[in-house]
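Protein chains in written order, with our numbering: chain C, 1 to 426; chain U, 1 to 317.
These are computed hints drawn from the structure, not numbers from a lab. Glycine residues also receive a C-beta, built at the ideal position from the N, C-alpha and C atoms. One or more hints might be untrue.
Covered, in the sense of this in silico footprint (three residues per stretch, anywhere, with C-beta under 8 Å from a C-beta of chain U), are these stretches of chain C [to be verified]:
id: 1; segment: 255-267
id: 2; segment: 302-313
id: 3; segment: 363-372
id: 4; segment: 395-401
The calculated BS3-like cross-link candidates involving lysine-lysine, where the alpha carbons are at most 25 Å apart (straight line), are [claimed, not checked]:
id: 5; chain 1: C; residue 1: Lys166; chain 2: C; residue 2: Lys79
id: 6; chain 1: C; residue 1: Lys79; chain 2: U; residue 2: Lys235
id: 7; chain 1: C; residue 1: Lys414; chain 2: C; residue 2: Lys162
id: 8; chain 1: C; residue 1: Lys414; chain 2: U; residue 2: Lys79
id: 9; chain 1: U; residue 1: Lys79; chain 2: C; residue 2: Lys418
id: 10; chain 1: U; residue 1: Lys58; chain 2: C; residue 2: Lys110
id: 11; chain 1: U; residue 1: Lys79; chain 2: C; residue 2: Lys264
id: 12; chain 1: C; residue 1: Lys220; chain 2: U; residue 2: Lys58
id: 13; chain 1: U; residue 1: Lys79; chain 2: C; residue 2: Lys220
id: 14; chain 1: C; residue 1: Lys418; chain 2: U; residue 2: Lys58
id: 15; chain 1: U; residue 1: Lys79; chain 2: C; residue 2: Lys184
Residues per chain are reported as follows:
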Amino acid sequence: MKARIIVAALLAVALSAAASTASGSVSSSKADSITVWLMGDAQSGWPNVVAEANAAFRAKHPGVDVKVQYQTWGDHLTKFDASIAGGDTPDVLEFGNSEMTKYMASGALKQLKAANFPNSKTWLQGLKASCTYNGKLFGVPYYAGARAVIYRKDQYKSAGIKGTPKSQTEFLSAGKKLMKKFGKNDPNFSAFYFAGKNWYASLAYVYDYGGQIATRKNGKWVGTLEKPNAIKGLNAVKNVVGTLSRASRTTDEAHPQQALVFAKGHVASFIGNGWEWPYALNKDSGNPDLANVVGAYPMPSHVQGKLMPEFLGGSDLAIPAQSKNASLAADWIKAFTSTSAETGLAKVGNIPNTTKLANVNKDNPQLAPFAKAASSSWFVPTAPNWVNVENADVLQNMLVQIYTGKKSVISAAKSADKQIQNILNG
Amino acid sequence: MAVAESEFPLVSRRRRRLSGRRVASALAPYALLAPAAAIIGAVLGYPLYLLVRLSFEKYGLFELVRHHGTWVGLGNYRKIFHDSQFWHVVLRTVVFTAVNVTLTMVLGTAIALLIARLGRFMRLLLTTALVLVWATPVVVAVNIWRWMVDYEFGVANWTLTKLHFGNFVHHDWFASSLSGFGVITAVIVWGAIPFVAITVYAGLSQVPQELIEAAQIDGARAWNVFREVTLPLLKPIFIILASLSIIWDFQVFNQVWIMLGERPSPDYYLMSIYAFVESFRINEYGLGSAIAVVMVAMMMVATLVYIRQMVKTGEVR
Numbered sequence: 001m002k003a004r005i006i007v008a009a010l011l012a013v014a015l016s017a018a019a020s021t022a023s024g025s026v027s028s029s030k031a032d033s034i035t036v037w038l039m040g041d042a043q044s045g046w047p048n049v050v051a052e053a054n055a056a057f058r059a060k061h062p063g064v065d066v067k068v069q070y071q072t073w074g075d076h077l078t079k080f081d082a083s084i085a086g087g088d089t090p091d092v093l094e095f096g097n098s099e100m101t102k103y104m105a106s107g108a109l110k111q112l113k114a115a116n117f118p119n120s121k122t123w124l125q126g127l128k129a130s131c132t133y134n135g136k137l138f139g140v141p142y143y144a145g146a147r148a149v150i151y152r153k154d155q156y157k158s159a160g161i162k163g164t165p166k167s168q169t170e171f172l173s174a175g176k177k178l179m180k181k182f183g184k185n186d187p188n189f190s191a192f193y194f195a196g197k198n199w200y201a202s203l204a205y206v207y208d209y210g211g212q213i214a215t216r217k218n219g220k221w222v223g224t225l226e227k228p229n230a231i232k233g234l235n236a237v238k239n240v241v242g243t244l245s246r247a248s249r250t251t252d253e254a255h256p257q258q259a260l261v262f263a264k265g266h267v268a269s270f271i272g273n274g275w276e277w278p279y280a281l282n283k284d285s286g287n288p289d290l291a292n293v294v295g296a297y298p299m300p301s302h303v304q305g306k307l308m309p310e311f312l313g314g315s316d317l318a319i320p321a322q323s324k325n326a327s328l329a330a331d332w333i334k335a336f337t338s339t340s341a342e343t344g345l346a347k348v349g350n351i352p353n354t355t356k357l358a359n360v361n362k363d364n365p366q367l368a369p370f371a372k373a374a375s376s377s378w379f380v381p382t383a384p385n386w387v388n389v390e391n392a393d394v395l396q397n398m399l400v401q402i403y404t405g406k407k408s409v410i411s412a413a414k415s416a417d418k419q420i421q422n423i424l425n426g
Numbered sequence: 001m002a003v004a005e006s007e008f009p010l011v012s013r014r015r016r017r018l019s020g021r022r023v024a025s026a027l028a029p030y031a032l033l034a035p036a037a038a039i040i041g042a043v044l045g046y047p048l049y050l051l052v053r054l055s056f057e058k059y060g061l062f063e064l065v066r067h068h069g070t071w072v073g074l075g076n077y078r079k080i081f082h083d084s085q086f087w088h089v090v091l092r093t094v095v096f097t098a099v100n101v102t103l104t105m106v107l108g109t110a111i112a113l114l115i116a117r118l119g120r121f122m123r124l125l126l127t128t129a130l131v132l133v134w135a136t137p138v139v140v141a142v143n144i145w146r147w148m149v150d151y152e153f154g155v156a157n158w159t160l161t162k163l164h165f166g167n168f169v170h171h172d173w174f175a176s177s178l179s180g181f182g183v184i185t186a187v188i189v190w191g192a193i194p195f196v197a198i199t200v201y202a203g204l205s206q207v208p209q210e211l212i213e214a215a216q217i218d219g220a221r222a223w224n225v226f227r228e229v230t231l232p233l234l235k236p237i238f239i240i241l242a243s244l245s246i247i248w249d250f251q252v253f254n255q256v257w258i259m260l261g262e263r264p265s266p267d268y269y270l271m272s273i274y275a276f277v278e279s280f281r282i283n284e285y286g287l288g289s290a291i292a293v294v295m296v297a298m299m300m301v302a303t304l305v306y307i308r309q310m311v312k313t314g315e316v317r
């Protein structure tokens, strides 16, 4: 550990001299390669879209190589920070939309001109907002996603559930029927698989009951998870998880990958993104036999007939301030967010970055529910320090305390509020 | 192993040489030490200096992008000393270290005594097993243990259920930090035993047989022989092993970090993890450095106590 800190300190300070001299020289025309950091989702979900963008880029810039390096959500920011310290940043970087603000605020990203990028007039408003700080644009919307319930039609049918639930009451009673039918003899069965640290899906209940994570009051951020509406939501989700899920309370939805757990057959439903569906059916890691019995529906609200607001997840592409190949990087982003690339993204279950393509999946029964789910959404507080709340796992830790019963809902919420306030105002 | 094995014969040889009259050319050793000292100064001293400097600065993402921190004096230290979580973490780290070092030393010594009494074949078998454990890289070992205690598919839960120890289906070892730290301690002690066992065994083979026989003739039982003969003779080895174990266990990082999927919750924070999270997750490099400096200071106190004791008792002179 000591060594790690020391290495980091070395990186941070000692290399800064080299970095500051290096970043002075801009040579965009002579570069023979650019480096792109994308999330592993692209590698497993839409490698063809990446390949096409690379081909289009190379056609325009012969002799310039595109090095795509796939990252994981867990540590890509730590790695990016290290690259800033070392003065050798990638040229294009994918950010989660809730991760952008801190980097925009600290000047780590290059300012961009919207007009230079395809479909910028019809970009999704929510994503565009996540790329904007103090009225300036620092990123290009990549894709969005909202979660819906992915379920086994066959199991629902044999448990005697007609149609899909239209309220949380119906959702809960359908789940209880499933637990009764399949859960008795199968200790691994979950009617609704829900990992304890799945904060996106958990906090959706808070917003469904009219609560929120934090608000700004007199220039200060105030944590609001202990407010009555938020507590109602947390109690509701605690009940759902406790009754319908046998997933671990201390892991997140990606460890193990929930779609792969689903593919093993002991799970009747889970809440996931559109691209997780094909993942479950993958012939190598998943179970292609499920293809005909899998369906999806938007998660219903506790109010009959309404939809639960889902986290508007998504990704943006940005160019680090220290990139020496900014204009090449911008050209690559253009190729990767072209109408045809975004159509490709939509076809694998994402919501494209432009409203122009909103209807691509309209007639696709598999993917239409996800677009519908996105019509009702929530987003994290837009504070520059927000990503620190995510990085410190404040919400996940609160949820683990609640689901394991280690703390009462109210005391877990209160301590989370305190931490959130400290971080957002810090 | 290599260190400890050569340490022991050296101990007795050096004592003889120094007690003799040849204490001439006193400066020669320092001249010989100079190159090593210079290298250590460059690769350890300078980063340590940077670490300390960083701990007096406000150094966040904003400063990182500009490669320039702001001097805040003792601000970072004041902040962590007023943070109740910090003191929890310190206490947890100290208790964790004490438990791990004690278990490692006791079990390692017990296994060493066992090896000394085994026949040739079993001795070879046991030593081979120990060396294999020792040769397993930490990351690999932790991941294997992690699979074994997996919530859904782990062999530990399956075995315990089959053996009728209760219903361990979907038993979450990490839901309570006590049982979670139990697993982590098991991994650490398991990995640390070989070094202690083999070193102590090497030491045992140096205990003069006639001393043991003399004690036995005087009517000493096994425990008394161990306490009155073996233990005093091996004291320098035990002191070295214990201080090394303290140094290692105090700064445990990988075992906790990997075991908990790189996102340990605060009740699993040890000082090393806390410093890492502050620095690299929250981008408060100054605060993280301050925690690391406190850690280094605590280590230095622990090490100094031992060095002083070693010098005072004259065991390693």
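Each hint, compared with the structure:
1. Using a Cβ-Cβ cut-off of 8 Å, 3 residues of the segment 255-267 of chain C lie near chain U, which meets the minimum of three, so the contact claim holds.
2. Only residues whose beta carbon comes within less than 8 Å of a beta carbon in chain U count, and the segment 302-313 of chain C has 0; fewer than three means the coverage is violated.
3. With a threshold of 8 Å between beta carbons, the proposed coverage of the segment 363-372 of chain C by chain U is violated, since 0 of its residues qualify and at least three are required.
4. Beta-carbon proximity to chain U at under 8 Å applies to 3 residues in the segment 395-401 of chain C; the threshold of 3 is reached and the given coverage holds.
5. The hinted pair formed by lysine 166 (chain C) and lysine 79 (chain C) fails the criterion: a straight-line CA distance of about 43 Å is larger than 25 Å.
6. Among the hinted pairs, lysine 79 (chain C) with lysine 235 (chain U) is inconsistent with the structure: their alpha-carbon atoms are about 46 Å apart, more than 25 Å.
7. With a C-alpha separation of about 40 Å, the suggested pair lysine 414 (chain C) and lysine 162 (chain C) falls outside the 25 Å cut-off, and the hint is violated.
8. Of the supplied pair hints, the one linking lysine 414 (chain C) and lysine 79 (chain U) holds, its CA atoms being roughly 22 Å apart against a limit of 25 Å.
9. Note on lysine 79 (chain U) and lysine 418 (chain C): the hinted pairing holds, with a Cα-Cα distance of about 16 Å set against a maximum of 25 Å.
10. For the suggested pair lysine 58 (chain U) and lysine 110 (chain C), the alpha carbons sit about 24 Å apart, so the restraint of at most 25 Å is met.
11. With a C-alpha separation of about 49 Å, the suggested pair lysine 79 (chain U) and lysine 264 (chain C) falls outside the 25 Å cut-off, and the hint is violated.
12. Straight-line distance between C-alpha atoms of lysine 220 (chain C) and lysine 58 (chain U) comes to about 21 Å, which keeps the hinted pair within the 25 Å bound.
13. The hinted pair formed by lysine 79 (chain U) and lysine 220 (chain C) meets the criterion: a straight-line CA distance of about 20 Å does not exceed 25 Å.
14. For the hint linking lysine 418 (chain C) to lysine 58 (chain U), the alpha-carbon distance of about 22 Å falls within 25 Å, and the restraint holds.
15. With a C-alpha separation of about 53 Å, the suggested pairing of lysine 79 (chain U) with lysine 184 (chain C) is violated against the 25 Å cut-off.
Going down the numbered hints, you'll see the structure goes against 2, 3, 5, 6, 7, 11, 15, while the others check out.
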